[in-house]
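Number of protein chains: 2
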Amino acid sequence: MTQAFSYLRINPDRMLDAFNQVASIGATADSGVDRPTFSEAHLAARKWFRDHIEQSGFEFHTDGAGNHSAVLPCDDPSAPTLILGSHLDSVPNGGRFDGALGVMAALEALKTIQENRIKLRVHLEAMDFTDEEGTLVGLLGSAALAGHLRPDDLERPRGGRGKLLEGMQRVRLNESGMLNAARRKEALAGYLELHIEQGKRLERANLDIGIVNAIVGIWSYRLTFIGKADHAGSTTMEDRRDASLGSSAFTLAARETVMRDFPNCVVNVGRMEFAPGAFNIVPAQVDVSLEFRSPDEEQFDRLDQVLLDLAEREAGRFGLSLKTEYLGRHSPSLMDETVRNTFAEACNDLGLSHTPLPSGAGHDAQSLADVCPVGMIFVPSVDGASHSPREFTEWIDCVNGANVLLQTALRLGSG
Amino acid sequence: MTQAFSYLRINPDRMLDAFNQVASIGATADSGVDRPTFSEAHLAARKWFRDHIEQSGFEFHTDGAGNHSAVLPCDDPSAPTLILGSHLDSVPNGGRFDGALGVMAALEALKTIQENRIKLRVHLEAMDFTDEEGTLVGLLGSAALAGHLRPDDLERPRGGRGKLLEGMQRVRLNESGMLNAARRKEALAGYLELHIEQGKRLERANLDIGIVNAIVGIWSYRLTFIGKADHAGSTTMEDRRDASLGSSAFTLAARETVMRDFPNCVVNVGRMEFAPGAFNIVPAQVDVSLEFRSPDEEQFDRLDQVLLDLAEREAGRFGLSLKTEYLGRHSPSLMDETVRNTFAEACNDLGLSHTPLPSGAGHDAQSLADVCPVGMIFVPSVDGASHSPREFTEWIDCVNGANVLLQTALRLGSG
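If you read the protein sequences in the order shown, they are chains X and U. In case it helps, this note's numbering puts the first sequence at residues 354 to 768. In case it helps, this note's numbering puts the second sequence at residues 354 to 768.
FYI, nobody ran anything at the bench for these hints, they're computed from the structure. What you are looking at is a predicted structure, and each value in this text was computed from that prediction instead of being measured. A portion of the hints provided could be inaccurate.
What the hints assert, rightly or not - Straight line, CA to CA, 30 Å or less: simulated DSBU-like cross-link-like pairs of lysine-lysine: (1) K516/X x K553/U; (2) K676/U x K516/U; (3) K516/X x K676/X; (4) K581/U x K400/U; (5) K538/U x K400/U; (6) K400/X x K516/X; (7) K553/X x K400/X; (8) K472/U x K538/U; (9) K516/X x K472/U; (10) K581/X x K516/U; (11) K472/X x K516/X; (12) K516/X x K581/X; (13) K581/U x K516/U; (14) K581/X x K553/U; (15) K581/U x K553/X.
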């Protein structure tokens, strides 16, 4: 462990300037950003990042999955790469901090190391991963880079196959490029990510830094409740096979079951789509976007079974049939112990309070967790707001997080 | 009452040919039609009707609401007009019979009267009313013609203001034209409509003709349940204000209440729209398309109050707020007694069995019920299918209905 660089700090004003520039791209009237993957605003943010990388004197790198990065090579061409990063896409009508902060902190860490001409034993990359939020696939870029992306993920993406192909065309990506974007395991020294907490634990406990110990697993389905289209005036209530009854009853029952029997888990029905969808027609079909999460593998399997059984039961109760489309699963991921300890040392040296905590949200770190040592830190988010224009983190907390990221990269890269 | 024309019958093959031509416009793979108001297919059907009117030697007439008709004038220019008609628009993915049968039967009745050079005391019109189904406003053309259309109906239409304006532009209609399309009461001798039953009563009782005694009233709202967008992984179940819970609980409770306390009424939640609508975001807002119907005015008011109270209660139960947008109301309408008796006489003379029955569906006839004598007849619909590609009526039943329409027009027009 080299303590020689422990005096180094990132440049808060330079990072803020870059952060504000990104936040202005796809900005919404309510201080959020709207940058779903491969939307016009997202393309503009990707272009800004590329230009900024080149203007800052780094090599620009991209791959078959559309991941973008600034490269700061070390003297040994055969050395592995330590990646720092996050993502520039947002959920629809999201916030300024989720993802963008991590990319800006990664780039600022590289700038600080570059301008101080520090020689490390690893190459460094500051990376923007493609489609973390799942507008199209979810953790797309990181899964591709880690070698986890399967043809099936592209065949039946959660955002719809048509939208995926259209988006890929817009940035000139193709499926074979995506499926061949994996890096060799040996070429990866590790992955570090800074993110806002997306919860209230740090704020409530008045702590500076959360060191993530595990990321919850995420499972998603499209459930389709199928009834019969009928005239909404002349068909008696008894004669109807109304798909909305199955989807509504499932939504309520799923919540109740999770709250009662799965206290560590969460479930979300983020969307229902009605067909034909008119005032005066009994709904023939309702598509339900279902997602649930668990930090624990065994509980995860049990919850999966329970929710699918519930959907079957509620469909049957209202004379409906049920179609279940499996969309994808990410297992719970453990963060690397050495990385976690190094984060803690860096916090201690910087005089920052810290605590271990799990991540209820999915992150690119989980894609990489089984191919290299990965670690994540959280900074406090006011009122725990996330995936919302209300996202806000005090700038001092962002700077603290970036300094922990910098110090941890220096320690791991020179070790 | 002149029985001189009682030998007259419509031409079944000629009517079938016209019916099939219309059914091919906007035809769907499952034998239905998709002709929402002012869609490409609807415009094509309107153009077909206009061309066909002119080719058949009738005057073509249109008005500020886009209603199209074939005119067969009588010798007295100051005589009033007896309108026969229905509509050529369909619900999304609807059937071939709803509306189109009534327009084709009306036109066929005029052709039969024209070719037999029969002199009546009224002008006749075979009319296609604009937007009966409510893609945009609902009963738009007939309300305009009856003088019931109000600026507010065009300001806050159920299909959305933008869609209405866009559609009107497509057919070169404007708001002032719509609001000034009313005919003088004295110029209207009456309105007759043939329609498929949209229910199973005639089929179950094995009867030829249903003579409508009343049309149920329809009331519609857009209810908006408002919660808070949050990250669907990191926000605890307890901390959420999930708009989908209010909309789901309301949908189930509304059905239960109507079935228990309002046996003559029906309620429909035809659509929910989720915002932001992503897998990984707790729904901040759900828009509910609500419609309910009653044949009885007093019960109607009570049901309105009960449903709005239910929505408030369910919103409150899940920490949501509720926005209620009133979209429109049609009161229950009684059909004219003389017209009903004339329908019955015509059925008797034609050897057709008949029964009085209420209409659970709304129809253009209700717009006209308070400005002139109106009447409606139903023909059996197989399995009661309606607003669905499964709509089917035996051709002999369609022909029977058209003959009742013809004979009733002759009797009323020569009386």
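A quick look at each hint next to the structure:
A threshold of 30 Å between alpha carbons decides the hint, and for K516/X with K553/U the separation of about 42 Å lies outside it, so the pair is violated. Annotation: proposed proximity of K676/U to K516/U holds, straight-line Cα distance about 22 Å (limit 30 Å). For the proposed pair K516/X and K676/X, the alpha carbon gap of about 22 Å is at most 30 Å, so the pair holds. Taking the CA atoms of K581/U and K400/U, the gap is about 48 Å. The hint is violated against a cut of 30 Å.
Restraint check for K538/U and K400/U: satisfied, since their Cα atoms lie roughly 29 Å apart, inside the 30 Å limit. For a cut-off of 30 Å, the pair hint linking K400/X to K516/X stands: about 21 Å separates their Cα positions. The straight-line distance between the Cα atoms of K553/X and K400/X is roughly 33 Å, outside the 30 Å bound, and the hint therefore fails. Proximity of K472/U to K538/U is assessed by CA-CA distance (about 23 Å); at most 30 Å being required, the pair is judged to hold.
Our distance criterion of 30 Å between C-alpha atoms is broken by K516/X and K472/U, whose separation comes to about 62 Å. Restraint check: the Cα-Cα separation between K581/X and K516/U comes to about 27 Å, which is no more than 30 Å; the hinted pair holds. Distance restraint check for K472/X and K516/X: the Cα-Cα separation of roughly 44 Å exceeds the 30 Å cut-off, and the hinted pair is therefore not satisfied. As the CA atoms of K516/X and K581/X are separated by approximately 28 Å, the hinted pair is consistent with the 30 Å bound.
Taking the CA atoms of K581/U and K516/U, the gap is near 28 Å; set against the 30 Å cutoff, the hint holds. For the hint pairing K581/X with K553/U, the CA-to-CA distance comes to about 16 Å; that is within 30 Å, so the pair holds. Restraint check for K581/U and K553/X: the C-alpha separation of about 16 Å stays at or below 30 Å, so the hint holds.
Violated hints for the displayed structure, listed by number in ascending order: 1, 4, 7, 9 and 11.
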